[in-house]
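Dock chain R against chain G, hints included.
2 protein chains.
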Amino acid sequence: MIDFEPPLRLHLDGNALIANWRLLKGQGVADCGAAVKADAYGLGAREVVKRLHNAGCRDFFVAHWGEAAAIADLVPAGSISVLNGINAAEIPLIRRLGAIPVLNTPDQIRLWKAAGGGACNIMLDSGINRLGIGPAQTEAALFDGLEIDILMSHLASADEDSGQNAAQLANFVEIGREIRAKRRSLANSAGIFLGTDYHFELTRPGLSLYGGIARPEMAESIQPVVRLSARILQTRQLETGERVGYNGTFTCPRQMRVGTASLGYADGYLRAFAGNGSAYHHGRKMPVIGRISMDLVTIDLSISPDLKEGDWVDIVYDLAKASCSTGLSQYELLTNLGTRFERQWT
Amino acid sequence: MIDFEPPLRLHLDGNALIANWRLLKGQGVADCGAAVKADAYGLGAREVVKRLHNAGCRDFFVAHWGEAAAIADLVPAGSISVLNGINAAEIPLIRRLGAIPVLNTPDQIRLWKAAGGGACNIMLDSGINRLGIGPAQTEAALFDGLEIDILMSHLASADEDSGQNAAQLANFVEIGREIRAKRRSLANSAGIFLGTDYHFELTRPGLSLYGGIARPEMAESIQPVVRLSARILQTRQLETGERVGYNGTFTCPRQMRVGTASLGYADGYLRAFAGNGSAYHHGRKMPVIGRISMDLVTIDLSISPDLKEGDWVDIVYDLAKASCSTGLSQYELLTNLGTRFERQWT
Chain G
1 MIDFEPPLRL
11 HLDGNALIAN
21 WRLLKGQGVA
31 DCGAAVKADA
41 YGLGAREVVK
51 RLHNAGCRDF
61 FVAHWGEAAA
71 IADLVPAGSI
81 SVLNGINAAE
91 IPLIRRLGAI
101 PVLNTPDQIR
111 LWKAAGGGAC
121 NIMLDSGINR
131 LGIGPAQTEA
141 ALFDGLEIDI
151 LMSHLASADE
161 DSGQNAAQLA
171 NFVEIGREIR
181 AKRRSLANSA
191 GIFLGTDYHF
201 ELTRPGLSLY
211 GGIARPEMAE
221 SIQPVVRLSA
231 RILQTRQLET
241 GERVGYNGTF
251 TCPRQMRVGT
261 ASLGYADGYL
271 RAFAGNGSAY
281 HHGRKMPVIG
291 RISMDLVTID
301 LSISPDLKEG
311 DWVDIVYDLA
321 KASCSTGLSQ
331 YELLTNLGTR
341 FERQWT
Chain R
1001 MIDFEPPLRL
1011 HLDGNALIAN
1021 WRLLKGQGVA
1031 DCGAAVKADA
1041 YGLGAREVVK
1051 RLHNAGCRDF
1061 FVAHWGEAAA
1071 IADLVPAGSI
1081 SVLNGINAAE
1091 IPLIRRLGAI
1101 PVLNTPDQIR
1111 LWKAAGGGAC
1121 NIMLDSGINR
1131 LGIGPAQTEA
1141 ALFDGLEIDI
1151 LMSHLASADE
1161 DSGQNAAQLA
1171 NFVEIGREIR
1181 AKRRSLANSA
1191 GIFLGTDYHF
1201 ELTRPGLSLY
1211 GGIARPEMAE
1221 SIQPVVRLSA
1231 RILQTRQLET
1241 GERVGYNGTF
1251 TCPRQMRVGT
1261 ASLGYADGYL
1271 RAFAGNGSAY
1281 HHGRKMPVIG
1291 RISMDLVTID
1301 LSISPDLKEG
1311 DWVDIVYDLA
1321 KASCSTGLSQ
1331 YELLTNLGTR
1341 FERQWT
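One line per chain: the protein sequences are G and R, in this order. Mapping of the first sequence onto this note's numbering: position 301 corresponds to residue 301, and the numbering continues sequentially without gaps. Just so we're on the same page, this note's numbering is the position in the second sequence counted from 1, plus 1000.
Since the hints were derived computationally from the structure, they do not count as laboratory data. One should not assume that every hint holds.
[As the list claims (entries may be wrong)] Below are the BS3-like pairs computed for lysine-lysine, each with C-alpha atoms no more than 25 Å apart in a straight line:
1. Lys182/G - Lys25/G
2. Lys1308/R - Lys308/G
3. Lys308/G - Lys285/G
4. Lys1321/R - Lys1285/R
5. Lys1050/R - Lys113/G
6. Lys1285/R - Lys1308/R
Since the model is a prediction, treat every value here as computed from it, not as a measurement.
Looking at chain G on its own, in the form it has when it is part of the complex (with noise of 0.2 Å):
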């Protein structure tokens, strides 16, 4: 297939990524894994498997198979941890691959067993209610005879200051008491910074190796991974009283100058940064104005009369700002970022 050089590009720093975990690792004594579920999050899981691993990370957490598959070459199988549970089909090809499963619910740690057992993780629900063995389901005979590595659970409010991050902390230590199990583990991102206590011997943290400010005590610390930039495809002086975009959403309030660039909403900037999005060029900001189109963005170069058709323009992407500007989560401005970037890791 003839390569064509994509006219948008992700811009991703690997020494921030790494500076990233070695932040959140160095928050305690504990050892600091990985998830890479979801692409690592959109920026593209083995890039980021091969430089953590490189760093020293040694625990990966994907969701799904398909995703410990994807990065099996590049570490140990034993590495990667599959969050989202097992089925009788699957048990023969994840012998094959390796990885290790996180067992969520008594009937997967039955199966675990009756197919041989082997190393396993599990995942105890302290009170999320999604995934993981409640607190009724912990009779000890359950757990004989596992291999277990890390008995974990997840948090549900570690970014707010919530009184279910103790009481979470302290289920998991109940139900957990009579497991035995090599490693714990209990804290993402947010969960680090809520104190040792919720360390154990493991944190996994997703967000904040990206990037994105899980709690707001991180926002000095965490160094951004992701930069956009889009090249300009037209730039056309508008007259007061024109309309931009679709609906005509935009009426130029004065002579303008406008430049439509090559991402859009199918590229993950949705609909939600029309109003409030903008892009720079040797720091002059312009706002994007009118709607944002599926593959394209209309911005107002008035402050640039130097950017001319070809030219890139980088997108202003801070996560947190662009979080409380558009309602989206700094993790769906991180997962949603779609196929047709370019994705240029320094």
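Using the frame of chain G, we list chain R on its own:
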């Protein structure tokens, strides 16, 4: 790579796709092309192009050259138009590929001529002020010697009963009066329903091919093409007062049976579905409860005591209704559908 069965599916109805194309084509006597940019609005461009080509479609529109290259083995390259224009560096590759550029600016026209010309399409800007040659730029000499197949423009407000539609139609006719081209094209899905004045020789729908309702009068005739289903990973019984999901936003008002299914915002099922999404099984509709997670969604299964772990549920995904309830456009609901689905065509 070991091939696991994905726990979430996009069921794609090839007959509905073709029926929609025929319906749109049948609104007049013009030929009917297909917008297949953004991976055919998230459905998968290769499968869409094969099916529409078999049905008789002979004009395919993409945004990027990379998108043209990705389907160029399926149809004659000359039947693919690339909407987002050209730049000097990619002309040798464009020549090799053979797909047809849509020239959007005087500079692009001069570039194409200087590179030897050949078949091209021209985008006129009749009022959306996004891409295309504006009224002030159409001196006759610019078009001399061009071998223009399609002279086109794009409607900004075809989904509304807006005066802008007639104004754009008049502008298109006026600006294009002196430009010689084999065919003219103005109408997208919604534009087709503005009447045959808008059809010229070729229409080029996108959204409604894929089941989107671009104008209310299409609601009865356009067929849904996309259906979502997800595997239930876990079920649990919850007591009154227990909280579900991130930040515990949902509190059980009674004893409930809750299921966690394999679908999340990383798959395009955004958090905007919280509080209004639902699943169904054997005609029973079951509300989505709590926040949508990255890879998971929780569902009130109380009315479906028979549903168990490993079973599949359908996810309600009526594009027009979901657009109203989530605030996302029908286009975004399609183009954000992620890569983890198994795309099953019937």
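Could you grab the alpha-carbon distance between Lys1285/R and Lys1308/R and see if it respects the 25 Å cut-off? Distance ~16 Å between Lys1285/R and Lys1308/R Cα, so the pair holds.
Hinted pair, alpha-carbon criterion (25 Å max): Lys1308/R, Lys308/G. Please report holds or violated. Violated. Lys1308/R to Lys308/G sits at ~59 Å, over the 25 Å cutoff.
Pairwise hint evaluation, Lys113/G against Lys1050/R, where the allowed Cα distance is 25 Å at most: 46 Å, violated
Agreement of Lys182/G and Lys25/G with the hint, judged by alpha carbon distance not exceeding 25 Å: Within the cut-off at roughly 19 Å; holds.
CA of Lys308/G to CA of Lys285/G, is that 25 Å or under? Between Lys308/G and Lys285/G the Cα gap is close to 16 Å, so the pair holds against 25 Å.
Is the Cα-Cα distance between Lys1321/R and Lys1285/R 25 Å or less? Distance ~15 Å between Lys1321/R and Lys1285/R Cα, so the pair holds.
Going through the hint list in order, the structure does not satisfy hints 2, 5.
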